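Colleague: Spelled out, the chains give:
Protein chains: 2
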Amino acid sequence: MKKFINNNDDFLKESLTGFGKAHSDIINVNLDPSFVSRKNKTKDGKVSLISGGGSGHEPMHGGFVGHGMLDAACPGFVFSAPTPDQMQAAAEHVDSGAGVLFIVKNYSGDIMNFQMGAEMYSGKNDSIVTNDDVAVEDSTFTTGRRGVAATVLVEKIVGSLAENGGSLEECKKLGEKVNKNAGTMGVAFTSCTVPAAGKPTFDIGDDEMEFGVGIHGEPGRKREKVQASKTIVGNILEAILDNLKPEKNEKNLLFVNGMGGTPLTELYLVYEDACQILQSKGVQVTKSLVGNYCTSLEMQGASITLLKCDDEILKHWDSPVHTAAMRWGM
Amino acid sequence: MKKFINNNDDFLKESLTGFGKAHSDIINVNLDPSFVSRKNKTKDGKVSLISGGGSGHEPMHGGFVGHGMLDAACPGFVFSAPTPDQMQAAAEHVDSGAGVLFIVKNYSGDIMNFQMGAEMYSGKNDSIVTNDDVAVEDSTFTTGRRGVAATVLVEKIVGSLAENGGSLEECKKLGEKVNKNAGTMGVAFTSCTVPAAGKPTFDIGDDEMEFGVGIHGEPGRKREKVQASKTIVGNILEAILDNLKPEKNEKNLLFVNGMGGTPLTELYLVYEDACQILQSKGVQVTKSLVGNYCTSLEMQGASITLLKCDDEILKHWDSPVHTAAMRWGM
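For the protein sequence lines, the chains are Z and G, in the order given. Residue numbers for the first sequence follow this note's numbering, so the first one is 1 and each next one is one higher. Residue numbers for the second sequence follow this note's numbering, so the first one is 1 and each next one is one higher.
By construction, these hints were calculated from the structure, which means they are not laboratory data. What you are looking at is a predicted structure, and each value in this text was computed from that prediction instead of being measured. Certain hints may be false.
Not everything, but these chain Z residues come out facing chain G in the computed CB check (under 10 angstroms) [said to hold, decoys possible]: (1) Ile5; (2) Leu12; (3) Gly18; (4) Ser24; (5) Ser55; (6) Gly165; (7) Ser167; (8) Lys177; (9) Ala228; (10) Leu267; (11) Leu297; (12) Ala302; (13) Ala325; (14) Arg327.
Cβ-Cβ distance ranges computed for the label pairs, FRET-style [unchecked claim]: (15) Asn243(Z) / Gly205(G): 43 to 51 angstroms; (16) Asp44(G) / Gly144(Z): 56 to 64 angstroms; (17) Pro200(G) / Arg221(Z): 25 to 33 angstroms.
Which chain G residues stay away from chain Z? Per the calculated CB distances, all over 12 angstroms, these [stated by the list, open to error]: (18) Tyr121; (19) Ser122; (20) Lys251.
Using N, Cα and C, we set each Cβ at its ideal position, and we do this for glycine too.
Input sequences plus hints: build the corresponding full structure.
Modeller: See below:
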């Protein structure tokens, strides 16, 4: 294992401390229990959004704390759910009286610990669970579909509604709509290496890819030979479109997400392939996002997310955001 | 070789086309000859900044075209200098009458082709050459020091001056000051693979790193065993500080740049180590930048850049910028 690391016990603490220093204009980092919160206190009457999950998917979620997106993020150890006391402490720190909405990716550990954190928190709160990965039902760490890259879109879009006065109920409803309107599938060329494990999560041949991989390296639909980008992208889109069935006149957001170790040139090539294939099927691409947002450490690979957008979703996608990893309009 | 690619001949064209579509609100992509330019024509009287170089370092340079930074970027094939007709065409396209400043990284091919492009262009123009890499004098592709990550800082800071009415002479002078005030050194854990070559640029052992590596995988100062992050960072900073000799009361920008394949958690850990070491030496860190900005395809590794800042540099660093890869204040 070759990583920038001093010792495994301090890995997360040191990284979070650096993250806090590098973005001290936007966020604060609390270390015990660990959570990232906005530097400026959430304004009175604004619903607070809190997400979190295992580390190793950066910039998700700490990179999305700030105006127009999350109020706090709770990072667990690499690929391990955060503990309930983190969610409790984050909620107590950020809630301005309008309640807390927890945004949770569908993994058994996260579901359990967020639920416990919510029970330990005495204020008004509710949760939404993302499960946008169309690759497989049930997987190594979860029952049902996995929550993956569309979580980024949920956080941006619901973050805007919360910033603009949406109630807890309205925020939950919009989050569930975005999750339902989104489908994602990924492919991996290489494994990642969890620092505490010290060796790759899975073995893969020099000419193989894992089609439908999870963001922790969970198995997908099949292991197969690497194919031309257009073939890979076509197969991913087929699975997503089968699932989402967008109407011809519907507007869509196309999100090409890097798993961490794939160069931007390749992600833009995937984006181009996806645009061509979608156009040939009469699927409109109105908005786009390309880059490393929901990663799996240094894994080489990418996922594609399609999100069907109505006017409410489009408005909240475009609204200003100011976080470490996503910023526009301010 | 496992990459998202259809065929090697179309790799760059397809990637650039996708890049143009994903950021059609900011930029246009011209394919023959290839250059990326701002969507909105450069305003009359504004000096135009044009950079470029081999592809494979994305988001540099195309990701830095837009308000407050570059007017155009000329991408060569992966790790190959762009051809003179690209620079000529880009200059003819963007020059609003106030002249063109070419920003060139110090590699023999880039120097030669930018010089030829400048001669072919009939309008007023001048050039600055970046050479911030303190690792080695002379290298595989260059005479003198290599131009690496500080080029990003030059483009941001001079871009602001040009946006705010600086003359060609003033822009050149500021660019040379930023380059002189900056020092960079990098380390690689893995090699990158150039698509046309189809195999890693260099071999490296499972426990080895290349200390002082270039952004094309050129040899650095030495090949050695991987050490703790704090040791690596300390050795890099020693080389930079020996070179820059910042004064105790001077303000500095600390830039931790990923080579492409290293997770953000590790880059923030490197940032934290660097902050601690610099603080212990009485070196002030006032501004920061952490992320993948000047990459080497999927290479695992990072570079550290220190930039000594006076008030002029600080003002132009903070000013608004709106490009695909760097955006704030608008």
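Colleague: None of the hints should be skipped; say for each whether it holds.
Modeller: Quick rundown of the hints versus the structure:
1. Hint status for Ile5(Z) relative to chain G: holds, with the closest Cβ pair at about 6 angstroms, below 10 angstroms.
2. Residue-level restraint check for Leu12(Z) holds (minimum Cβ-Cβ distance to chain G is 8 angstroms; threshold 10 angstroms).
3. Taken as an interface hint, Gly18(Z) checks out: its beta carbon lies about 3 angstroms from the nearest beta carbon of chain G, inside 10 angstroms.
4. Annotation: Ser24(Z) was flagged as interfacial toward chain G, and the flag holds, the nearest CB pair being 9 angstroms apart, inside 10 angstroms.
5. Hint status for Ser55(Z) relative to chain G: holds, with the closest Cβ pair at about 6 angstroms, below 10 angstroms.
6. Given the 10 angstroms rule on beta carbons, the hint for Gly165(Z) is violated: about 25 angstroms separates it from the nearest Cβ of chain G.
7. With 10 angstroms as the threshold, the beta carbon of Ser167(Z) stays out of range of chain G, its nearest partner Cβ sitting at about 31 angstroms, so the hint is violated.
8. For the restraint placing Lys177(Z) at the interface with chain G, the shortest Cβ-Cβ distance is roughly 25 angstroms, beyond the 10 angstroms limit, so the hint is violated.
9. Interface hint at Ala228(Z): satisfied, since its Cβ lies 5 angstroms from the closest Cβ of chain G, which is below the 10 angstroms cut-off.
10. Contact between Leu267(Z) and chain G, as hinted, is supported at the beta carbon level, the nearest pair being about 8 angstroms apart and thus within 10 angstroms.
11. Interface restraint check for Leu297(Z): the shortest CB-CB distance to chain G comes to about 5 angstroms, inside 10 angstroms, so the restraint holds.
12. For Ala302(Z), the suggested interface contact is upheld, since its CB lies about 7 angstroms from the closest CB of chain G, less than 10 angstroms.
13. The interface hint given for Ala325(Z) is met, as the beta carbon of that residue sits about 8 angstroms from the closest beta carbon of chain G, less than 10 angstroms.
14. A cut of 10 angstroms between beta carbons decides the hint on Arg327(Z): the least distance to chain G is about 6 angstroms, and the hint holds.
15. Between Asn243(Z) and Gly205(G) the CB atoms are about 45 angstroms apart, so this pair conforms to the stated range of 43 to 51 angstroms.
16. Remark: the range hint 56 to 64 angstroms for Asp44(G) to Gly144(Z) is upheld by a beta-carbon distance near 59 angstroms.
17. Under the hint 25 to 33 angstroms, the C-beta atoms of Pro200(G) and Arg221(Z), about 29 angstroms apart, fit the expected range.
18. No beta-carbon of chain Z is positioned within 12 angstroms of the beta-carbon of Tyr121(G); the least distance is around 27 angstroms.
19. Non-interface call for Ser122(G) relative to chain Z: holds, since the shortest CB-CB distance, roughly 33 angstroms, exceeds 12 angstroms.
20. With a least CB separation of 15 angstroms from chain Z, Lys251(G) remains clear of the 12 angstroms interface cut-off, as annotated.
Against the hints set out earlier in the document, violations occur for numbers 6, 7, 8.
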